[in-house]
Amino acid sequence: MSNILFFFIFFSVQTIGSAVVILFTRNVMYAVTALLSSLLGVAALFVLAGADVLGVIQIIVYIGGVLVLTLFGVMYTYQSPKRYQESIPHKKSVFILIPLLFVLVLLVQALPLLPMIDDPYQHASKVEVTGMLWLTEYLPIFEWIGFLLLVVLIGAGWIGSTLVQEDKSKGEQV
Amino acid sequence: MIPITLYFIVGAVLFAIGTTIVLVRRNVLFVLMGIELILNAASINFVGASQGDYIKLSGQMMTLLIIVIAACEAVVALAIIMVLFKKAGSVDLMELKKLKEF
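So the protein sequences, as listed, match chains X and H. FYI, the numbering for the first sequence is 1 to 174, going by the numbering used here. FYI, the numbering for the second sequence is 1001 to 1102, going by the numbering used here.
Some hints here could point you the wrong way.
Think about it this way: if two alpha-carbon atoms lie no more than 20 Å apart in a straight line, the pair counts; the simulated EDC-like pairs of lysine to aspartate or glutamate are [unchecked claim]:
1) K126(X) with E1101(H)
2) K1086(H) with E143(X)
3) K1087(H) with E166(X)
4) K1056(H) with E137(X)
5) K1087(H) with D167(X)
6) K1098(H) with D52(X)
7) K1056(H) with E166(X)
8) K1086(H) with E137(X)
9) K1056(H) with E143(X)
10) K126(X) with E137(X)
11) K126(X) with D52(X)
12) K1056(H) with E1073(H)
13) K1056(H) with E128(X)
No lab work stands behind these hints: they were computed from the structure.
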């Protein structure tokens, strides 16, 4: 098994395993954490495919933006503290064994093959090409994305503002 | 280069799990996460298919669009969830009976 292929399988297992956790867990907080892990795995898959810019954007937009928003949703719809408590305590050995296993596997695979100047990395970074393409060939799409974002900004603000108006009218009645 | 088939397999599995989450789970927030997973599965397919495309980067550009759409979707969905929670007092899809048509 080639080195790149091993990392591909590792990160795809991480992605799919975390998705399965979202499917089965009943705790919303666990689900958000599993989604974080899954999205990180997807970012790693992007990098393995040679799309380094996309990997960075995935981390910035998804984990910095979407995930924080989802967390806000979880906090906002918080109902009873029992839903966020762990009913079955895990053994402490699990917390030590699993990370050790991961580190061991990764090191055994990675150390002998440290000069990994192979497959996707023989081509230069995609940053410059991507920027040039956005501002030349894909410029109309770029503009439309900006317009879409403006519409979403106004739309989401308008939907949210109905809440504020209701609160105000309630306050006046009281 | 990793075989494109492997990317397609991962994308298919992720899509299947995301669809199951959307269909089965009752909490609105879980449904939102399922939609994120589905969009990510599409991105994986695009990126995997455009691995050898070093000049046009079409698949990567498409994935950038998908990421933007996903962010927009999350923002609007969250605004709707906020209003829904304020009005119905719950995020359980089974309890939102008011949306039914008699």
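Is K1056(H) close enough to E128(X), meaning Cα to Cα at most 20 Å? 12 Å, holds
Going straight from one Cα to the other, do K1098(H) and D52(X) come out at no more than 20 Å? 46 Å, violated
Holds or violated: K126(X) to E1101(H), with C-alpha atoms at most 20 Å apart: Given that 20 Å is the threshold and the Cα spacing comes to 52 Å, the pair is violated.
Given the proposed pairing of K1087(H) with D167(X), does the C-alpha separation stay at or below 20 Å? 12 Å, holds
Going straight from one Cα to the other, do K1086(H) and E143(X) come out at no more than 20 Å? The given pair, whose Cα atoms are some 35 Å apart, is violated under the 20 Å limit.
So if I understand the rule, the pair passes when the alpha-carbon distance is 20 Å or less; does K1087(H) with E166(X) pass? Holds, because 10 Å separates the two Cα atoms, which is no more than 20 Å.
Is the straight-line distance between the alpha-carbon of K1056(H) and that of E1073(H) 20 Å or less? 27 Å, violated
Below or equal to 20 Å on CA atoms is what counts here, so check K1056(H) against E137(X). 9 Å, holds
Take the C-alpha atoms of K126(X) and D52(X), compute the straight-line distance between them, and say whether it is at most 20 Å. Given that 20 Å is the threshold and the Cα spacing comes to 7 Å, the pair holds.
Between the alpha carbons of K126(X) and E137(X), is the straight-line distance 20 Å or under? This hinted pair holds, its Cα atoms lying about 16 Å apart.
When you check the alpha-carbon spacing of K1056(H) and E166(X), does it fall within 20 Å? 50 Å, violated
Taken at face value, is the distance from the CA of E143(X) to the CA of K1056(H) at most 20 Å? 19 Å, holds
Consistency with the previously given hints fails for numbers 1, 2, 6, 7, 8, 12, ordered from lowest to highest.
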